[in-house]
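**Student:** Protein sequence lines, in the order shown, are assigned to chains A and B. Counting in the working numbering, the first sequence runs from 40 upward without gaps. Counting in the working numbering, the second sequence runs from 40 upward without gaps.
Just so you know, these hints were derived from the structure itself, not from any lab. In this text the structure is predicted, and so the values were computed from the model without any measurement. Incorrect hints may have been included.
The list makes no distinction among identical chains, and a pair is therefore deemed to hold if it is satisfied within one copy or across any two copies.
Claimed, not checked - Straight line, CA to CA, 16 Å or less: simulated EDC-like cross-link-like pairs of lysine to aspartate or glutamate: (1) K134 - E285; (2) K226 - E240; (3) K134 - D72; (4) K226 - D108.
There are 2 protein chains.
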Amino acid sequence: MKIALDVMGGDKAPVEILAGAYEALRVGAIGADDLLLVGDRERIEAEIATQGQKPVFEVQHAPENIGMDEHPAQALRRKRNSSIVVAAKLMREAKVGGMVSAGNTGAAVAAATLLIGLLKGVRRPGIAVTFHTAGGPCTLIDCGANIHCQPDDLYTYGEMASKYMTGLHGIQRPRIGLLNIGEEDAKGSPLVQDTRKLFGESALNFIGNVEGQDVFSGRCDVIVCEGFVGNVVLKVSEGLGQYIAELFASQVKDHAHQNGGAIWKEVARAILGRLDYAEYGGAPLLGVNGAVIICHGRSDRRAIANALRTSKRFMDADVNQHIVEGLAGGPVLPEPPAATTGDAVPGGVHP
Amino acid sequence: MKIALDVMGGDKAPVEILAGAYEALRVGAIGADDLLLVGDRERIEAEIATQGQKPVFEVQHAPENIGMDEHPAQALRRKRNSSIVVAAKLMREAKVGGMVSAGNTGAAVAAATLLIGLLKGVRRPGIAVTFHTAGGPCTLIDCGANIHCQPDDLYTYGEMASKYMTGLHGIQRPRIGLLNIGEEDAKGSPLVQDTRKLFGESALNFIGNVEGQDVFSGRCDVIVCEGFVGNVVLKVSEGLGQYIAELFASQVKDHAHQNGGAIWKEVARAILGRLDYAEYGGAPLLGVNGAVIICHGRSDRRAIANALRTSKRFMDADVNQHIVEGLAGGPVLPEPPAATTGDAVPGGVHP
C-alpha cells in the first residue's frame with residue numbers, strides 16, 4: 040500500500056515536502072513505488088525539475104490547498120479538491136494505506152474522522168507525540184486531536200499508544216502512566232480518577248498516576264492525558280526548548296572565540312538535537328483506519344523523510360490490526376517484527 | 040508585620056530553612072525583627088548553634104510537623120501544633136503578615152483557605168509561579184491550588200497576578216494571556232471560552248488566547264489557566280530542565296578536557312540558572328489574606344532567602360490591598376513603589 044504525501048501542506052510546502060520525499064528515497068526509508076504525491080500537478084512537476092530530481096513518484100492531482108488557519112470542517116466541505124481531502128478519500132477507498140501531512144492539523148484530524156473513518160472500537164482519534172528521554176522514547180497521547188474526552192476515550196488512547204510503541208519501538212508491554220497532579224490514587228479530576236480505574240482493571244501494563252516531569256524521566260513508555268493538557272505540554276516543551284536554544288546560542292557566541300567554535304557547535308547539536316521533535320518522524324493520529332502521520336507545520340525535508348519512514352513502519356508492523364485486537368480483548372501482541380528493533384527500514388519496492 | 044517561617048517544612052528542613060533565614064538577613068532582604076521562626080524550639084536552637092549563628096530571630100514553638108505526603112485537611116485537623124497550623128493561626132490573628140513554607144503544599148493551601156481566610160472577592164486562591172523568559176518574568180497562575188474552577192475564578196487569577204506583577208516587578212498594565220490550544224476565539228473548552236469573554240469585557244490588559252510556547256516567549260506577563268494544567272506545565276518544565284541539565288553535564292564531561300573546564304561551567308551556570316526556579320523566590324499563594332509564599336519541597340537556603348524577600352516585598356507593595364481594590368472595580372494602581380523596580384530591597388529593621 041502506498042503512502043499519500045500532502046505536498047501542499049506546511050509552512051515550507053511544496054519545496055521542503057518534495058525534498059523530503061527524495062530524502063526518504065535516498066536513505067532507503069521508502070521505495071519509489073511506496074509514494075503517491077498529492078497536490079497541484081504542475082507545481083509539483085516544476086518543483087521537481089527545479090530540484091534537479093527525476094519524476095520517480097506517482098502524482099495525484101489536487102489543485103486546492105487548505106490554509107494553516109482555515110476552519111477545519113468548513114475547509115473540508117468547501118475545498119473538495121484540496122490535497123488533504125483527496126488524500127483522505129484515497130485512503131477511505133483503500134487506494135493508499137498511509138498519509139503524511141504537515142498542513143492544517145485540525146483539517147487532518149477532521150478528514151480522518153469524517154472522511155477516512157475510525158478503527159472498530161475507537162470513538163475519538165488521538166495524536167501521539169514521542170519525546171526523547173534519558174530512558175528512551177516516551178509517547179504522549181493525546182496532544183490535541185480532541186478536548187472532549189470520556190474515561191473510555193483515555194483508556195483507548197493508552198491501548199493504541201501501547202501497540203504503537205510495541206510495533207515501532209519494539210517495546211514489549213509498554214509501561215503506561217496516567218498524567219495527573221500527584222501520584223496518589225485520590226488525586227485529580229473525576230475524568231482522571233475514573234480513567235485510572237479502567238486502566239487498573241485492564242491487562243495493560245499500567246503503572247498508575249504520573250506527573251509532568253515524567254514525560255522526560257524515563258519512568259514510562261506511554262503517558263495518557265486529554266487533548267487540551269497534551270497540547271499544552273507539547274507546546275510548553277517546544278517553547279522551553281527554543282528558549283534554551285537561544286540562551287545557548289548567545290553563550291556560544293560569547294565564548295566560542297575562547298575555545299574553538301567547532302566543539303561548541305558539536306555540543307549544541309548533541310543537546311538541542313534531543314529537543315528537536317522534527318527528528319522523530321511526525322506524530323501518528325492513532326485510531327484512524329490508516330497510517331496517518333501529522334507533521335509540524337514548520338517541517339523541513341528531514342522531518343518529512345522521517346514521517347514517511349514512520350508511516351511505512353506503521354503499516355509494516357500492522358499497528359492498526361494490533362490495536363483492533365487489543366480493543367476487542369484479542370490476543371496479546373507476538374514478538375515484534377524484526378524491522379522495528381532499529382532505525383533501519385528495508386527499502387525497495389512495495390506494491 | 041513579621042513573616043512566619045515554617046522551619047519544619049521541606050525536604051531539607053530544618054537545616055537549609057534556618058540557613059536561608061540567616062542568608063536573607065545577611066543580604067539585607069529582611070531585618071532580624073522581620074522574622075518569626077515557627078517550629079520545634081529545641082531543634083531550632085540546637086541547629087542555630089550548630090550553624091554557628093546568633094539567635095537573633097524570635098521563635099514560636101510548634102512541636103509537630105506535617106509530612107510531605109500527608110492528606111492536607113486531615114493533617115490540619117490532627118496536628119494542631121504543627122508549624123503550618125501555628126503559622127496560619129498567627130496570620131489569622133494578624134500577628135504575622137507573611138508566611139513562607141517549603142512543606143506540604145496541599146496543607147499550606149488548605150491552611151490558607153480554612154484557617155487564614157481569603158481576600159474579599161476571592162473564592163479560590165491560586166499558586167502563581169514566575170518563569171524567566173527572553174522577554175522578562177512571566178507568571179503562570181494557577182499551578183495547582185485548585186482543579187475545580189469556574190470562569191470567574193480564572194478571571195480572579197488574572198486580576199490577582201496582574202497586581203502581583205505590578206507590585207513586585209514594576210510592570211504597569213501587565214499583559215494577560217489565557218492559556219489555550221489555539222489563538223482563535225472559538226478554540227478551547229467551555230471554561231476557557233467563557234473566561235475569555237470575562238477578560239474581554241474587563242479593564243485588564245488582556246491580549247487574548249495564548250499557547251504553551253508563550254510561557255517562554257515573552258509575549259505576556261501573566262498566563263492564566265486552571266490548576267491541573269498549570270501544575271502539569273510547571274512539572275513538565277522542571278522535568279525538561281532537569282533532562283537538559285543532565286545532557287549538558289554529560290557533554291561537559293566529554294568535552295571539558297579539550298577546552299578548559301572553567302568556561303564550560305560558566306556557560307552551564309548561565310543557562311541552567313535561568314531554569315532554576317529556586318532562584319525566583321517561591322510562589323505566592325494569591326487570594327489569601329496575607330503574603331503566603333510556597334516553596335518547592337527541595338528548597339535550599341538560597342530559595343528560602345529569596346522567598347523571604349518575596350514575602351517582604353509582597354507586604355511592602357501592598358499587593359493584597361491592590362487586589363481587593365481591583366476586584367471591587369476600584370482605582371487603577373498608582374506608580375509602583377521604588378523598591379519594586381529592581382532586585383535591591385532596603386534591608387534594616389522593620390517593626
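**Student:** Each hint should be assessed against the structure and marked as holding or not.
**Tutor:** Hint-by-hint comparison with the structure:
1. For the homomeric pair K134 and E285, neither the shortest alpha-carbon distance inside one copy (45 Å) nor that between copies (47 Å) is at most 16 Å.
2. In this homomeric assembly, K226 and E240 never come within 16 Å of each other (Cα to Cα): the closest approach is 18 Å inside a single copy and 34 Å across copies.
3. For the homomeric pair K134 and D72, the shortest alpha-carbon distance inside one copy (13 Å) is at most 16 Å, but the shortest distance between copies (79 Å) is not.
4. For the homomeric pair K226 and D108, the shortest alpha-carbon distance between copies (12 Å) is at most 16 Å, but the shortest distance inside one copy (37 Å) is not.
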